[in-house]
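Q: Listed below, chain by chain, are the residues.
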Amino acid sequence: MDSLNLPLNANEPKIMHVDLNSCFATCEQQASPLLRGKPLVVAAYTSPNGCVVAPSIEAKKLGIKTGMTVRDARVIYPQVIVRSPDPQKYRAIHLQFKKIFQDYSPDVTPKSIDEAVINFTDSHVLFKKSLVEIGWEIKRRMREEIGEWISCNIGIGTNRFLAKTAASLHKPDGLDVISSNNIRRIYEKLSLLDLCGINTRYQARLNAYGIFTPIQFLDADLQRLKKQVFQSINGYYWYLRLRGWEIDAVDFKRRSYGQSYALGKHTDDPQALAQLLMKLTEKMGRRLRKAEYTARGIHVAIVYKDWTFWHKGKVFESEMFTTQELYKKALLVFNKQPERKVVAKLAVSCFDLSKNMAMQESLFNNDEVARSRKVSEACDSINDKWGEFVITPAVMMGMDKLILDRIAFGGVKDLEEVYAM
Amino acid sequence: MLEQIHEKISVITVHDRQKHTVIPAKLRWQGKVYTITKIGFHHKIWDGRNRIHIFSVTTGAMDFRLSYDTETLDWTLEEVSDGLS
Chain G
8 MDSLNLPLNA NEPKIMHVDL NSCFATCEQQ ASPLLRGKPL VVAAYTSPNG CVVAPSIEAK
68 KLGIKTGMTV RDARVIYPQV IVRSPDPQKY RAIHLQFKKI FQDYSPDVTP KSIDEAVINF
128 TDSHVLFKKS LVEIGWEIKR RMREEIGEWI SCNIGIGTNR FLAKTAASLH KPDGLDVISS
188 NNIRRIYEKL SLLDLCGINT RYQARLNAYG IFTPIQFLDA DLQRLKKQVF QSINGYYWYL
248 RLRGWEIDAV DFKRRSYGQS YALGKHTDDP QALAQLLMKL TEKMGRRLRK AEYTARGIHV
308 AIVYKDWTFW HKGKVFESEM FTTQELYKKA LLVFNKQPER KVVAKLAVSC FDLSKNMAMQ
368 ESLFNNDEVA RSRKVSEACD SINDKWGEFV ITPAVMMGMD KLILDRIAFG GVKDLEEVYA
428 M
Chain E
17 MLEQIHEKIS VITVHDRQKH TVIPAKLRWQ GKVYTITKIG FHHKIWDGRN RIHIFSVTTG
77 AMDFRLSYDT ETLDWTLEEV SDGLS
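Taken in order, these protein sequences are the chains called G and E.
Read the first sequence against our numbering and you will find it ends at 428, with the numbers running on by one and no gaps.
Read the second sequence against our numbering and you will find it ends at 101, with the numbers running on by one and no gaps.
It is possible that some hints are incorrect.
[Said to hold, decoys possible] Result set (DSS-like, lysine-lysine): computed pairs, CA atoms no more than 27 Å apart in a straight line:
| id | chain 1 | residue 1 | chain 2 | residue 2 |
| --- | --- | --- | --- | --- |
| 1 | G | Lys105 | E | Lys24 |
| 2 | G | Lys290 | G | Lys178 |
| 3 | E | Lys60 | G | Lys290 |
| 4 | E | Lys60 | G | Lys392 |
[As the list claims (entries may be wrong)] Quick list of the computed label-pair ranges, beta carbon to beta carbon:
| id | chain 1 | residue 1 | chain 2 | residue 2 | range |
| --- | --- | --- | --- | --- | --- |
| 5 | E | Thr51 | G | Val82 | 48 to 56 Å |
| 6 | G | Ala279 | E | Val30 | 42 to 50 Å |
| 7 | G | Asn206 | E | Lys24 | 48 to 56 Å |
| 8 | G | Arg81 | E | Thr51 | 32 to 40 Å |
| 9 | G | Asp180 | E | His22 | 16 to 24 Å |
None of these hints come from the bench; they were simulated from the model.
In this text the structure is predicted, and so the values were computed from the model without any measurement.
Using N, Cα and C, we set each Cβ at its ideal position, and we do this for glycine too.
Isolated chain G (complex conformation) (with noise of 0.2 Å):
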């Protein structure tokens, strides 16, 4: 393997790769029309130290980005319309948009709220057209059916990778195709940071090793990228994925439930922290029972108000069902923090999971969980039918409605979700 010269991948691309275009402030854009063509962004709050998870088109021509902090983004521009997030609306497109590439190909993969790959290797010979012209047509059609301000970057390729470097070089509405009669062209007007999963560390990695380009990048031959650059398999994946060859279907099992929450009013209250912690760690067990899971294992990650970081995981030997159940390991895990600071972030989430719902039998007070998780079943069946938190364990008494609701960036895994509604 170590002595393979592999060509550049010469098949027909086949792979197309779908971004729509600053996605949660393009939908309020769509959604409120007063708000199309102004600077807008969308922050987890709208108070000045609320993060802007999307800036629109017109307020990243401004120079604002994602990560900065509202207040920033009024100093560059102090008229920015600043909006919530809408978790619901973002949701409902995703899903009409997928129905239309699903129209296209039965191998549609979600890779966030904002992206999907659509796979055309079996499907394509039932169009007589080109993938450009599919692309367009898709362009077309979610304009017409989802809304007329919708706008995505269209890439296409001979795998994952290239499908999306394409869909990143004309932003925005762009449409671009990577094959290997342009690959190195394309390759030459990049930097090592524009490839996606190139990060600064990797950059560090490659400079180290006299690899400045992404052209030098796919020059430089196996053996170096394993055993000097990367000094892994990842080497191999590397030297695959810059020539077009596809190492990136893969699909990942579940392997935890979370929820966090950034608190717009920090505190080292005790009792609101051991509220939001059963809060977020209700809705987490929601989310776990529905999909017929237990778990043996629970994770609390903390950030406080200085931005230190404090994480304790642990793996318990019950598995955990219940609410119940969950909380009190959470708050055992809670509790383990060396000191107590003010929170400015609380996650929780769950791991070791089982699918298998056959409960191992404990010698003493077998009947008491047995009841307990059919209490907790009954509860999820009335939230169910009557709305989130109808019904809620006492310790959330008394605590101010909070909105849990939020968009995993990145994620894939809490689609399934809203695939199953």
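Model the placement of chain E on the given structure of chain G, informed by the hints.
A: Leaving out everything else, chain E in the frame of chain G:
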């Protein structure tokens, strides 16, 4: 300015049998009638097992977010915005 309202209102709707759509055409709020010139987006959400239709609409001068509860048949004006801040 975006303002949260959450007020029950009266709405005139238009049903198009061929397109199989029902869309809000006019709404009355605080004694004034607003003519809807465009539907920005329509989506549906669940509140428990209750289906709610959300219509984001505009009059050209104001954007409104309306919700229609299919259980109670109530229209609610959720938000009003002039699109300025």
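Q: Which numbered conditions among the earlier hints are violated in the structure presented, ordered from lowest to highest?
A: 1, 2, 5 and 9
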